[in-house]
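Kindly generate the complete structure, drawing on both the sequences and the hints.
If you read the sequences in order, they're chains A and B. With numbering that gives the first Met the number 0, the residue at position 135 of the first sequence is 134, and numbering never jumps. With numbering that gives the first Met the number 0, the residue at position 24 of the second sequence is 23, and numbering never jumps.
For the record, the hints were derived by calculation from the structure and aren't laboratory data. Take these hints with a grain of salt, some might be off.
To be verified - Each pair of labels, with its calculated beta carbon distance range:
1. B/56 with A/53: 47 to 55 angstroms
2. B/91 with A/30: 20 to 28 angstroms
3. B/39 with A/30: 55 to 63 angstroms
4. A/74 with B/28: 32 to 40 angstroms
5. B/26 with A/14: 32 to 40 angstroms
6. B/74 with A/81: 49 to 57 angstroms
7. B/67 with A/10: 19 to 27 angstroms
8. A/70 with B/109: 30 to 38 angstroms
9. A/119 with B/70: 46 to 54 angstroms
As the list claims (entries may be wrong) - Pairs of lysine to any residue, SDA-like flavour, derived with a Cα cap of 25 angstroms:
10. B/107 with A/92
11. B/107 with A/76
12. A/131 with B/54
13. B/107 with A/116
14. A/131 with B/28
15. A/131 with B/89
16. A/131 with B/15
17. A/38 with B/32
18. B/47 with A/40
19. A/131 with B/19
20. A/38 with B/93
21. A/38 with A/88
22. B/107 with A/133
23. A/38 with B/73
24. A/38 with A/52
25. A/38 with B/107
26. A/131 with A/18
27. B/47 with B/70
28. B/47 with B/67
29. A/131 with B/47
30. B/107 with A/117
31. A/131 with B/51
32. A/38 with B/95
33. B/32 with B/89
34. A/38 with B/89
35. A/131 with B/74
36. A/131 with B/73
37. A/38 with B/105
38. A/131 with B/91
39. B/107 with A/118
40. A/62 with A/92
Every residue gets a Cβ at the ideal spot worked out from N, C-alpha and C, and that includes glycine.
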Amino acid sequence: MATAPEVGTTTFTTPSDREIAISRVFEAPRELLWDAHTKPEHVTQWMLGPEGWSMPVCEIDLKPGGEWHVVWRRSDGSELDMRGEYREVVAPERLVSTERWGEDWPETLNTLLLTEQEGRTTLTTTMLYPSKETRDAALDTGMKDGTTESFDRLAEYLRTMA
Amino acid sequence: MATDALSLTFSALADPTRRAILARLTAGAATVKELSAPFAISGPAVSKHLRVLERAGLIVRTREAQWRPCRLEAAPLKEVAEWADEYRRFWDMSYARLDEYLEHLQGKERNDGDST
Numbered sequence: 000m001a002t003a004p005e006v007g008t009t010t011f012t013t014p015s016d017r018e019i020a021i022s023r024v025f026e027a028p029r030e031l032l033w034d035a036h037t038k039p040e041h042v043t044q045w046m047l048g049p050e051g052w053s054m055p056v057c058e059i060d061l062k063p064g065g066e067w068h069v070v071w072r073r074s075d076g077s078e079l080d081m082r083g084e085y086r087e088v089v090a091p092e093r094l095v096s097t098e099r100w101g102e103d104w105p106e107t108l109n110t111l112l113l114t115e116q117e118g119r120t121t122l123t124t125t126m127l128y129p130s131k132e133t134r135d136a137a138l139d140t141g142m143k144d145g146t147t148e149s150f151d152r153l154a155e156y157l158r159t160m161a
Numbered sequence: 000m001a002t003d004a005l006s007l008t009f010s011a012l013a014d015p016t017r018r019a020i021l022a023r024l025t026a027g028a029a030t031v032k033e034l035s036a037p038f039a040i041s042g043p044a045v046s047k048h049l050r051v052l053e054r055a056g057l058i059v060r061t062r063e064a065q066w067r068p069c070r071l072e073a074a075p076l077k078e079v080a081e082w083a084d085e086y087r088r089f090w091d092m093s094y095a096r097l098d099e100y101l102e103h104l105q106g107k108e109r110n111d112g113d114s115t
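Structure representation (structure tokens):
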């Protein structure tokens, strides 16, 4: 058995040239995590990012070929629109969908995997980018090649020079 | 313009030499000659990279002076970096909230039996 990550720690990794993976362990059965990701009444309760965001729109047509659409609103009134299409729907373990943040961003193919062991569920979302270049740009964006840790440093650095 | 601004930024940042050039420019404006020095590539090759960076709006080249110094234009970079940073923070904080929400749901299920 591979060493499981700790409960409550979000891990960001790069499993291949074109992917970013987010992983986290939850103290809950996977059926519940499946519902939390696929039912609007649940999604709107938690998928909200930092304080000050709400989700006024959450539409989910949960079937292969079905579309999803969410809108986030920040307290300053600005909105973020994200949508895509479901490709594979295998409850309660595997959900494959496309994701678009708008014209400016490369479309990704996201795979949500839920595995349960002794009442704990490991969630892994893998985002597949169209190319290594777009993945690297999204991930690295920076002055040097590196891991996801460079995000924070770079963002902070850029803030100081703005 | 054939492509949108952010796509240009993405493709400009995808090359390690161009990222190194940007890193050098964070220390201040520099000429093509100065920028070429640390790289094992020709001046024209560096100029080619500079054109890509300029087209993406990541650098600005002064027109007046003969030696045309380049300086970093941080706005597009900032936009991309903030997005990446925000994206990571977004999931980290959402999952923390999901932890609490699942706990709430599990408490409720124990009372209600099968929930929707």
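Outcome of the hint check:
Take residue 56 of chain B and residue 53 of chain A: their Cβ atoms lie about 33 angstroms apart, and the range 47 to 55 angstroms is violated. Checking the proposed 20 to 28 angstroms range against residue 91 of chain B and residue 30 of chain A shows it holds: the Cβ atoms sit about 24 angstroms from each other. Against the hinted window of 55 to 63 angstroms, the Cβ-Cβ separation of residue 39 of chain B and residue 30 of chain A comes to about 57 angstroms, which satisfies the hint. For the pair residue 74 of chain A and residue 28 of chain B, the beta carbons lie near 39 angstroms from each other, so the given range of 32 to 40 angstroms is met.
Evaluation of the 32 to 40 angstroms hint for residue 26 of chain B and residue 14 of chain A yields a pass: the beta carbon distance comes to about 35 angstroms. At about 23 angstroms, the CB distance of residue 74 of chain B to residue 81 of chain A disagrees with the hint of 49 to 57 angstroms. Distance hint check: the CB atoms of residue 67 of chain B and residue 10 of chain A are about 45 angstroms apart, inconsistent with the given range 19 to 27 angstroms. Range check, residue 70 of chain A to residue 109 of chain B: about 33 angstroms between beta-carbon atoms, so the 30 to 38 angstroms window is met.
Evaluation of the 46 to 54 angstroms hint for residue 119 of chain A and residue 70 of chain B yields a pass: the beta carbon distance comes to about 52 angstroms. Only pairs whose Cα atoms come within 25 angstroms are accepted, and residue 107 of chain B paired with residue 92 of chain A is accepted, the gap being roughly 23 angstroms. Distance check on the hinted pair: residue 107 of chain B and residue 76 of chain A sit about 33 angstroms apart at the alpha-carbon level, beyond 25 angstroms; violated. Between residue 131 of chain A and residue 54 of chain B the CA atoms are separated by roughly 21 angstroms; this keeps the pair inside 25 angstroms, and the hint holds.
Under the criterion of a C-alpha separation no larger than 25 angstroms, the hint pairing residue 107 of chain B with residue 116 of chain A is consistent with the structure, at around 22 angstroms. Among the hinted pairs, residue 131 of chain A with residue 28 of chain B is inconsistent with the structure: their alpha-carbon atoms are about 30 angstroms apart, more than 25 angstroms. Between the alpha carbons of residue 131 of chain A and residue 89 of chain B the distance comes to roughly 23 angstroms, so the proposed pair stays at or under 25 angstroms and holds. Annotation: proposed proximity of residue 131 of chain A to residue 15 of chain B holds, straight-line Cα distance about 13 angstroms (limit 25 angstroms).
Only pairs whose Cα atoms come within 25 angstroms are accepted, and residue 38 of chain A paired with residue 32 of chain B is rejected, the gap being roughly 58 angstroms. Pair hint residue 47 of chain B plus residue 40 of chain A does not hold up; C-alpha atoms about 52 angstroms apart against a cutoff of 25 angstroms. A threshold of 25 angstroms between alpha carbons decides the hint, and for residue 131 of chain A with residue 19 of chain B the separation of about 18 angstroms falls inside it, so the pair holds. For the proposed pair residue 38 of chain A and residue 93 of chain B, the alpha carbon gap of about 16 angstroms is at most 25 angstroms, so the pair holds.
For the given pair, residue 38 of chain A sits about 13 angstroms from residue 88 of chain A by alpha-carbon distance, which is consistent with the 25 angstroms threshold. Distance hint between residue 107 of chain B and residue 133 of chain A is unfulfilled; the C-alpha atoms sit about 43 angstroms from each other, more than 25 angstroms. Note on residue 38 of chain A and residue 73 of chain B: the hinted pairing is violated, with a Cα-Cα distance of about 40 angstroms set against a maximum of 25 angstroms. The hinted pair formed by residue 38 of chain A and residue 52 of chain A meets the criterion: a straight-line CA distance of about 19 angstroms does not exceed 25 angstroms.
Taking the CA atoms of residue 38 of chain A and residue 107 of chain B, the gap is about 17 angstroms. The hint holds against a cut of 25 angstroms. At roughly 8 angstroms between alpha-carbon atoms, residue 131 of chain A and residue 18 of chain A fall within 25 angstroms of each other, so this suggested pair holds. For the proposed pair residue 47 of chain B and residue 70 of chain B, the alpha carbon gap of about 16 angstroms is at most 25 angstroms, so the pair holds. As the CA atoms of residue 47 of chain B and residue 67 of chain B are separated by approximately 14 angstroms, the hinted pair is consistent with the 25 angstroms bound.
Taking the CA atoms of residue 131 of chain A and residue 47 of chain B, the gap is near 21 angstroms; set against the 25 angstroms cutoff, the hint holds. With a CA separation close to 20 angstroms, the supplied pair residue 107 of chain B and residue 117 of chain A stays within the 25 angstroms bound. The suggested pairing of residue 131 of chain A with residue 51 of chain B holds, with an alpha-carbon distance near 18 angstroms, which does not exceed 25 angstroms. Between residue 38 of chain A and residue 95 of chain B the alpha-carbon distance is near 18 angstroms, which keeps this suggested pair within the 25 angstroms criterion.
For the proposed pair residue 32 of chain B and residue 89 of chain B, the alpha carbon gap of about 42 angstroms is over 25 angstroms, so the pair is violated. Restraint check for residue 38 of chain A and residue 89 of chain B: the C-alpha separation of about 19 angstroms stays at or below 25 angstroms, so the hint holds. Taken as a hint, the residue 131 of chain A and residue 74 of chain B pair is honoured in the structure, with Cα atoms around 24 angstroms apart against an allowance of 25 angstroms. Annotation: proposed proximity of residue 131 of chain A to residue 73 of chain B holds, straight-line Cα distance about 23 angstroms (limit 25 angstroms).
Restraint check for residue 38 of chain A and residue 105 of chain B: satisfied, since their Cα atoms lie roughly 16 angstroms apart, inside the 25 angstroms limit. Between residue 131 of chain A and residue 91 of chain B, the direct Cα distance comes to roughly 24 angstroms. Compliance with the 25 angstroms bound is thereby established for this hinted pair. Restraint check for residue 107 of chain B and residue 118 of chain A: satisfied, since their Cα atoms lie roughly 17 angstroms apart, inside the 25 angstroms limit. Distance hint between residue 62 of chain A and residue 92 of chain A is fulfilled; the C-alpha atoms sit about 14 angstroms from each other, no more than 25 angstroms.
Of the hints listed earlier, those the structure fails to meet are numbers 1, 6, 7, 11, 14, 17, 18, 22, 23 and 33, in rising order.
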